[in-house]
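There are 2 protein chains.
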Amino acid sequence: MTTIAVDAMGGDYGIEVTVPAAVSAATHHREHEIILVGLKDQIEDQLGKARPSNLRVEHASEQVEMDESPALALRKKKDSSMRVAINLIKDGEADACVSAGNTGALMATARFVLKTLPGIDRPSLVTTIPNMRPAGHVHVLDLGANVDSPAELLVQFGIMGSILVQSVEKVDRPKVALLNIGHEDIKGNDTIKAAAKFMRESNLNFVGFVEGDGIYTSDVDVIVCDGFVGNVAIKTSEGLAQMIKHILREEVQANMLTRLAGLASMPVLKRLGRRMDPRNYNGAPLVGLQGTVIKSHGGTDSTGFEAAIVEAVKVAATNVPERIRDGLGPLLGEQ
Amino acid sequence: MTTIAVDAMGGDYGIEVTVPAAVSAATHHREHEIILVGLKDQIEDQLGKARPSNLRVEHASEQVEMDESPALALRKKKDSSMRVAINLIKDGEADACVSAGNTGALMATARFVLKTLPGIDRPSLVTTIPNMRPAGHVHVLDLGANVDSPAELLVQFGIMGSILVQSVEKVDRPKVALLNIGHEDIKGNDTIKAAAKFMRESNLNFVGFVEGDGIYTSDVDVIVCDGFVGNVAIKTSEGLAQMIKHILREEVQANMLTRLAGLASMPVLKRLGRRMDPRNYNGAPLVGLQGTVIKSHGGTDSTGFEAAIVEAVKVAATNVPERIRDGLGPLLGEQ
Numbered sequence: 001m002t003t004i005a006v007d008a009m010g011g012d013y014g015i016e017v018t019v020p021a022a023v024s025a026a027t028h029h030r031e032h033e034i035i036l037v038g039l040k041d042q043i044e045d046q047l048g049k050a051r052p053s054n055l056r057v058e059h060a061s062e063q064v065e066m067d068e069s070p071a072l073a074l075r076k077k078k079d080s081s082m083r084v085a086i087n088l089i090k091d092g093e094a095d096a097c098v099s100a101g102n103t104g105a106l107m108a109t110a111r112f113v114l115k116t117l118p119g120i121d122r123p124s125l126v127t128t129i130p131n132m133r134p135a136g137h138v139h140v141l142d143l144g145a146n147v148d149s150p151a152e153l154l155v156q157f158g159i160m161g162s163i164l165v166q167s168v169e170k171v172d173r174p175k176v177a178l179l180n181i182g183h184e185d186i187k188g189n190d191t192i193k194a195a196a197k198f199m200r201e202s203n204l205n206f207v208g209f210v211e212g213d214g215i216y217t218s219d220v221d222v223i224v225c226d227g228f229v230g231n232v233a234i235k236t237s238e239g240l241a242q243m244i245k246h247i248l249r250e251e252v253q254a255n256m257l258t259r260l261a262g263l264a265s266m267p268v269l270k271r272l273g274r275r276m277d278p279r280n281y282n283g284a285p286l287v288g289l290q291g292t293v294i295k296s297h298g299g300t301d302s303t304g305f306e307a308a309i310v311e312a313v314k315v316a317a318t319n320v321p322e323r324i325r326d327g328l329g330p331l332l333g334e335q
Numbered sequence: 001m002t003t004i005a006v007d008a009m010g011g012d013y014g015i016e017v018t019v020p021a022a023v024s025a026a027t028h029h030r031e032h033e034i035i036l037v038g039l040k041d042q043i044e045d046q047l048g049k050a051r052p053s054n055l056r057v058e059h060a061s062e063q064v065e066m067d068e069s070p071a072l073a074l075r076k077k078k079d080s081s082m083r084v085a086i087n088l089i090k091d092g093e094a095d096a097c098v099s100a101g102n103t104g105a106l107m108a109t110a111r112f113v114l115k116t117l118p119g120i121d122r123p124s125l126v127t128t129i130p131n132m133r134p135a136g137h138v139h140v141l142d143l144g145a146n147v148d149s150p151a152e153l154l155v156q157f158g159i160m161g162s163i164l165v166q167s168v169e170k171v172d173r174p175k176v177a178l179l180n181i182g183h184e185d186i187k188g189n190d191t192i193k194a195a196a197k198f199m200r201e202s203n204l205n206f207v208g209f210v211e212g213d214g215i216y217t218s219d220v221d222v223i224v225c226d227g228f229v230g231n232v233a234i235k236t237s238e239g240l241a242q243m244i245k246h247i248l249r250e251e252v253q254a255n256m257l258t259r260l261a262g263l264a265s266m267p268v269l270k271r272l273g274r275r276m277d278p279r280n281y282n283g284a285p286l287v288g289l290q291g292t293v294i295k296s297h298g299g300t301d302s303t304g305f306e307a308a309i310v311e312a313v314k315v316a317a318t319n320v321p322e323r324i325r326d327g328l329g330p331l332l333g334e335q
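Residue numbers (the numbering used here), protein chains in the order written: chain A, 1 to 335; chain B, 1 to 335.
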């Protein structure tokens with residue numbers, strides 16, 4: 001049995017999304033337990049009579065706002081739903097926690113409460129992105145938890161990503177690549193060049209550089225980048241997808257022929273939409289901590305948030321923190 | 001009359017693409033002159049009898065390879081088509097040059113031969129990206145010419161982008177934004193924060209931060225970023241577009257219904273393709289030099305390369321270098 005603590009107050013929609021998602025996850029996964037953390041009265045109201053026996057509520061009197069400073073949230077809100085959910089891991093009451101709340105605050109709080117693993121300087125946010133390779137997706141880190149990552153940190157990201165994919169996806173020697181602005185060794189900034197050198201000397205299955213398009217087209221398992229760059233890449237993709245939808249809608253309205261074409265193309269566009277639905281890929285592990293923390297997209301709906309809870313169960317079951325602790329030295333090539 | 005020097009040997013396809021593009025541009029723009037620079041015999045062969053009177057050939061005995069080190073190209077290939085084309089600007093024989101060759105070599109050679117404008121530390125590559133705003137596109141710089149750009153350089157990029165858009169697009173006070181990983185002032189790395197401070201103190205029409213999705217969805221005229229980040233953003237977009245095409249093709253093949261739907265949706269997809277066709281946006285000015293240099297995508301066809309030649313005529317006609325020279329001090333807020 002795995003127990004998941006859910007920050008019920010986090011995200012753009014709070015309990016309206018988190019509570020139905022938790023109820024559905026608990027109903028579909030009777031073997032696991034879910035603890036909804038937040039304002040008890042509000043959660044109880046939202047729950048109504050839909051309460052599976054493997055779901056319980058833990059009160060927390062405060063909540064972290066989406067635009068609140070992480071430092072302030074950490075210092076002032078010791079009874080926030082986010083903090084209490086993370087405390088449950090530390091106290092051994094939960095195996096993992098899920099939050100759709102303020103990313104910076106989640107990262108700062110998780111790091112403060114759970115601490116990083118020995119040898120890991122900073123935790124990193126790993127996201128799964130759908131792509132063209134046979135596996136259907138790639139893992140990319142860091143996704144905005146760390147800006148200005150030095151070469152040593154990028155190597156740690158590579159090792160953590162490799163161990164995560166090996167554990168959760170059962171890939172034997174995950175192929176790890178560095179995101180760069182060219183394939184050739186002379187390309188990139190000093191940080192990327194140094195990171196590539198370290199990775200080549202490590203026991204990682206390092207396959208070299210990929211460029212931005214490689215996120216969607218290359219056949220690697222893990223792509224490593226600085227958090228600033230990773231965040232820009234993922235947000236740029238969101239913007240492009242939004243624009244394509246917008247133009248398609250406009251062009252369908254162009255004339256009678258295009259309107260008919262638009263109608264006729266629904267089955268194909270629906271299939272495309274399903275394959276690229278970000279809700280299917282929701283739930284980004286924050287790796288490098290002494291505990292399992294999963295970040296959900298803040299604006300997701302209950303289907304997406306449930307996917308993040310299921311991801312938490314999956315990651316917690318494989319005990320990624322312990323594997324990172326054991327694997328770090330050997331992968332770095334240390335004796 | 002504007003004279004454009006064309007590096008005939010550059011790009012993935014060399015004279016097969018550049019010569020027909022130059023012939024077509026010369027035929028459509030009788031008022032301008034085109035100089036094709038490269039191996040004279042090969043160019044003459046490719047030209048055959050199709051030779052408009054406003055097109056001439058200038059011999060250059062060498063060519064820079066696409067994967068050649070920029071430093072080596074600069075030192076060893078003094079008679080390369082790229083170098084000779086740029087020399088024509090310096091000698092006053094051409095108003096601008098266009099090359100689809102090695103970006104690093106083009107940048108290094110242009111900088112060495114033409115020199116940067118007073119007060120500009122490094123030239124920057126500006127690209128035009130189609131987006132959702134009424135203007136239909138946005139200008140983004142830097143696109144890979146500079147990695148690790150310090151804050152002062154980002155401000156110079158903002159000023160050069162602003163002057164380019166003002167000159168070529170006749171926008172009065174272009175809205176300039178910085179690419180960041182959040183809208184709030186506390187987000188981003190130290191470089192971005194410092195650049196934002198400088199831009200706020202300048203006379204630029206600085207409107208704050210946009211995130212990656214803002215490239216496609218926000219209503220600003222100029223987006224400024226480090227060359228590494230800009231390159232990743234644009235390449236990531238290319239990869240996503242490629243994946244969407246790939247999935248659409250797969251899903252159309254799924255069953256009889258989807259095949260019919262695919263057939264029926266052709267008119268809409270064609271319109272979408274036309275609006276997003278990168279060939280329409282080919283030709284990225286390298287700004288900050290004492291001369292006008294336009295970089296074409298290396299893999300473009302003759303339609304795309306002709307667009308780059310036309311862009312060169314447009315940019316050369318507005319005399320962007322002189323405007324940057326005159327505008328830099330006032331926009332920085334200097335007396």
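Any given hint could be a false lead.
No copy is singled out in the list; a pair is fine if it fits within one copy or between any two copies.
To be verified - Heads up, simulated EDC-like pairs for lysine to aspartate or glutamate below, C-alpha to C-alpha not over 16 Å straight-line:
#1 K187 / E93
#2 K187 / E68
#3 K78 / D213
#4 K90 / E322
#5 K78 / E65
#6 K270 / D326
#7 K175 / E201
#8 K193 / D148
#9 K187 / D67
#10 K270 / D67
#11 K40 / E62
#12 K40 / E16
#13 K193 / E62
#14 K187 / D148
#15 K187 / E44
#16 K245 / D213
#17 K78 / E68
#18 K115 / E322
#19 K187 / D121
Bear in mind the hints are in silico, worked out from the structure with no lab data behind them.
Treat the numbers as computed from the prediction; the structure is a model and nothing was measured.
* For K187 vs D121, is the C-alpha pair at or below 16 Å within one copy, between two copies, both, or neither? -> Classified as neither; 27 Å inside a copy, 21 Å across copies.
* Check K193 against D148 for me: Cα-Cα at most 16 Å, and say if that holds within a copy, between copies, both or neither. => both (15 Å within a copy, 13 Å between copies)
* **Within, between, both or neither: K78, E68 at alpha-carbon 16 Å** => For K78 and E68, the Cα distance is within 16 Å only inside one copy (14 Å; across copies 58 Å).
* Asked: How would you label the pair K270, D326 (within, between, both, or neither) given a Cα cut-off of 16 Å?
  -> Classified as neither: same-chain Cα gap 44 Å, cross-chain 54 Å, threshold 16 Å.
* Evaluate K78 and D213 at a C-alpha cut-off of 16 Å and name the case that applies: within, between, both or neither. => neither (42 Å within a copy, 34 Å between copies)
* Homo-oligomer pair classification [E16, K40; C-alpha up to 16 Å] -> So K40 and E16 pass the 16 Å test inside one copy only (14 Å; across, 72 Å).
* To do: Can you give me the call for K187 and E93, within, between, both or neither, at a CA distance of at most 16 Å?
  => neither (48 Å within a copy, 34 Å between copies)
* Asked: Between copies, within a copy, both or neither: which fits K115 and E322 at Cα up to 16 Å?
  -> Answer is within; shortest intra-copy Cα gap is 13 Å, inter-copy 56 Å.
* Evaluate K187 and D148 at a C-alpha cut-off of 16 Å and name the case that applies: within, between, both or neither. => between (18 Å within a copy, 12 Å between copies)
* To do: Could you place K90 and E322 in one of the four classes (within, between, both, neither) given a Cα distance threshold of 16 Å?
  => within (15 Å within a copy, 63 Å between copies)
* Asked: Given identical chains, is K245 near D213, meaning Cα to Cα at most 16 Å, within a copy, between copies, both, or neither?
  -> Answer is between; shortest inter-copy Cα gap is 13 Å, intra-copy 20 Å.
* Pop the pair K187 and D67 into one bin, within, between, both or neither, using alpha-carbon distances up to 16 Å. => between (37 Å within a copy, 11 Å between copies)
Hints 1, 3, 6, 10, 13, 15, 19 from the list above are not met by this structure, while the remaining hints are.
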